[in-house]
Amino acid sequence: MAAIAGKGGKVMVGSDTVAFVENWTMGISNEALATHGLGATARTFIGLSLPEGTGTVQWRALDNSDTASAAIRAAALANATPITLKLYESATKYWDASEGAIITSLGQEVPVEGLVTGSFGFTLSGTIAYT
Amino acid sequence: MSTSAIGTVLDAIRAALILRAGLSGVNVFSGVVSLEEAGLECLAYDGGLLAEDSSSMGGNKLEVWDIDGEIRVFKPWAGDTELTIKAARDRALAIFAELETHLNDTYAGNMPDVEVIRGEIAGAYNPEGRICNLTFTMKIQALKNP
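In order, the protein sequences belong to chains A and F. So the first sequence is numbered by my numbering: it starts at 1 and just counts up by one. So the second sequence is numbered by my numbering: it starts at 1001 and just counts up by one.
It should be emphasised that the hints constitute simulated quantities derived from the structure, not laboratory data. Just so you know, these numbers come straight off a predicted model, no measurement behind them. A hint or two may mislead.
What the hints assert, rightly or not - 16 Å max Cα-Cα, derived EDC-like pairs, lysine to aspartate or glutamate:
#: 1; chain 1: F; residue 1: K1139; chain 2: A; residue 2: E113
#: 2; chain 1: F; residue 1: K1139; chain 2: F; residue 2: D1113
#: 3; chain 1: F; residue 1: K1139; chain 2: F; residue 2: D1068
#: 4; chain 1: A; residue 1: K7; chain 2: A; residue 2: E22
#: 5; chain 1: A; residue 1: K7; chain 2: F; residue 2: E1052
#: 6; chain 1: A; residue 1: K10; chain 2: A; residue 2: E99
#: 7; chain 1: F; residue 1: K1139; chain 2: F; residue 2: D1046
#: 8; chain 1: F; residue 1: K1139; chain 2: F; residue 2: D1066
#: 9; chain 1: F; residue 1: K1139; chain 2: F; residue 2: E1070
#: 10; chain 1: F; residue 1: K1139; chain 2: F; residue 2: E1100
#: 11; chain 1: F; residue 1: K1144; chain 2: F; residue 2: E1052
#: 12; chain 1: A; residue 1: K7; chain 2: F; residue 2: D1053
#: 13; chain 1: F; residue 1: K1144; chain 2: A; residue 2: E22
#: 14; chain 1: F; residue 1: K1061; chain 2: A; residue 2: E22
#: 15; chain 1: A; residue 1: K86; chain 2: A; residue 2: E99
Said to hold, decoys possible - Listed next, with one range per pair, are the computed distances between beta-carbon atoms:
#: 16; chain 1: A; residue 1: E109; chain 2: F; residue 2: M1001; range: 36 to 44 Å
#: 17; chain 1: A; residue 1: K7; chain 2: F; residue 2: G1109; range: 22 to 30 Å
#: 18; chain 1: A; residue 1: T123; chain 2: F; residue 2: E1115; range: 36 to 44 Å
#: 19; chain 1: F; residue 1: G1109; chain 2: A; residue 2: T131; range: 34 to 42 Å
#: 20; chain 1: A; residue 1: S49; chain 2: F; residue 2: P1112; range: 46 to 54 Å
#: 21; chain 1: A; residue 1: K7; chain 2: F; residue 2: S1004; range: 17 to 25 Å
#: 22; chain 1: F; residue 1: S1004; chain 2: A; residue 2: L33; range: 54 to 62 Å
#: 23; chain 1: F; residue 1: K1144; chain 2: A; residue 2: G27; range: 27 to 35 Å
#: 24; chain 1: A; residue 1: A74; chain 2: F; residue 2: N1133; range: 37 to 45 Å
From the three backbone atoms N, C-alpha and C, an ideal C-beta is built for every residue, glycine too.
Make the full structure from the sequences, and use the hints.
See below:
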C-alpha cells in the first residue's frame, strides 16, 4: 500500500470536474444484526450487507457558474434525480455508486476576509464501488 | 505553474494611481526609489513576503503576498511648526485614502483580492520643513493554477 497525497484527488459530476475542491470525505456504514439468543455467552452478529455511503465535498472560490456546480445546485434544489458522482482519491482511484448520489445538503460561506467557499453533502445510491 | 499575479497586480495599481486626480503631483513607483526620485510626494512599494499553500485538489495554489509600501510627504516650512507638521500628515493621509479608495473600488470580489492590512505613521524633522512617512502593508491574494 502506497501513501498518497490528497492534492491529487478530485470530484467529478458526470464528466465535469468540480473546480477548486478543498477536501472531500466519505464514510460507509453497515448495520450489524444480533444473532445471539437466550443462554448465549457472547454477542454474535451478521452484517445486513446493505452498506450506506455518505459524505461531504468542500470547495473554494465558488462562483456557481461552472457546469459541475450548476448540476449540484440543481440536484440540491430538486433533490429528485441522483447525480453521477465520482470521488477520486488520486488521479485514477475513485469511489462511486451504481445509481449515483443524492444531494442531501448544500452550503455556502461568504466571509468578508477570505475566499468564498461552498460545500454539499451526499448519500450514495446503489452498489458502492471502489475502482 | 502559472506565473504569480503579483507583478501584474502591482503594475495595474500603479497605472491606475497615477491617473487619479487626487494623486496629481505624487510620484508613484512599484519599487524602491531614492529621495531624489521620490520628490516632495511619493508612494512606493518596498518589497514583500509570500505565503503559499495548497488551495485545492489538482495542484492549485493560493498565494498571499504581504507587500510593504511607503507614502512620503515633505512639506516646506509654513511659518508655524504645528501647521507644517499637520500639512505633511494630512497630505500623507489623503494619499493613503486615495490608495484605499482605489483598492476598495477595483478589487471588489473577483480574485485577485487586494487590501491594506497595516499602517504606521511617523514624522521626521528637516531644517527646511517636515516629513511624514506613512508605511503600510497590502495583502494580495491570488490563485495559481498548475
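Right, here's what the structure says about each hint:
| no. | hint | in the structure |
| --- | --- | --- |
| 1 | F:K1139 x A:E113 | holds (11 Å) |
| 2 | F:K1139 x F:D1113 | holds (8 Å) |
| 3 | F:K1139 x F:D1068 | holds (9 Å) |
| 4 | A:K7 x A:E22 | holds (9 Å) |
| 5 | A:K7 x F:E1052 | holds (14 Å) |
| 6 | A:K10 x A:E99 | violated (20 Å) |
| 7 | F:K1139 x F:D1046 | holds (14 Å) |
| 8 | F:K1139 x F:D1066 | holds (5 Å) |
| 9 | F:K1139 x F:E1070 | holds (14 Å) |
| 10 | F:K1139 x F:E1100 | holds (12 Å) |
| 11 | F:K1144 x F:E1052 | holds (10 Å) |
| 12 | A:K7 x F:D1053 | holds (11 Å) |
| 13 | F:K1144 x A:E22 | holds (14 Å) |
| 14 | F:K1061 x A:E22 | holds (11 Å) |
| 15 | A:K86 x A:E99 | holds (11 Å) |
| 16 | A:E109 x F:M1001: 36 to 44 Å | violated (27 Å) |
| 17 | A:K7 x F:G1109: 22 to 30 Å | holds (26 Å) |
| 18 | A:T123 x F:E1115: 36 to 44 Å | holds (40 Å) |
| 19 | F:G1109 x A:T131: 34 to 42 Å | holds (39 Å) |
| 20 | A:S49 x F:P1112: 46 to 54 Å | holds (52 Å) |
| 21 | A:K7 x F:S1004: 17 to 25 Å | holds (19 Å) |
| 22 | F:S1004 x A:L33: 54 to 62 Å | holds (58 Å) |
| 23 | F:K1144 x A:G27: 27 to 35 Å | holds (32 Å) |
| 24 | A:A74 x F:N1133: 37 to 45 Å | violated (55 Å) |
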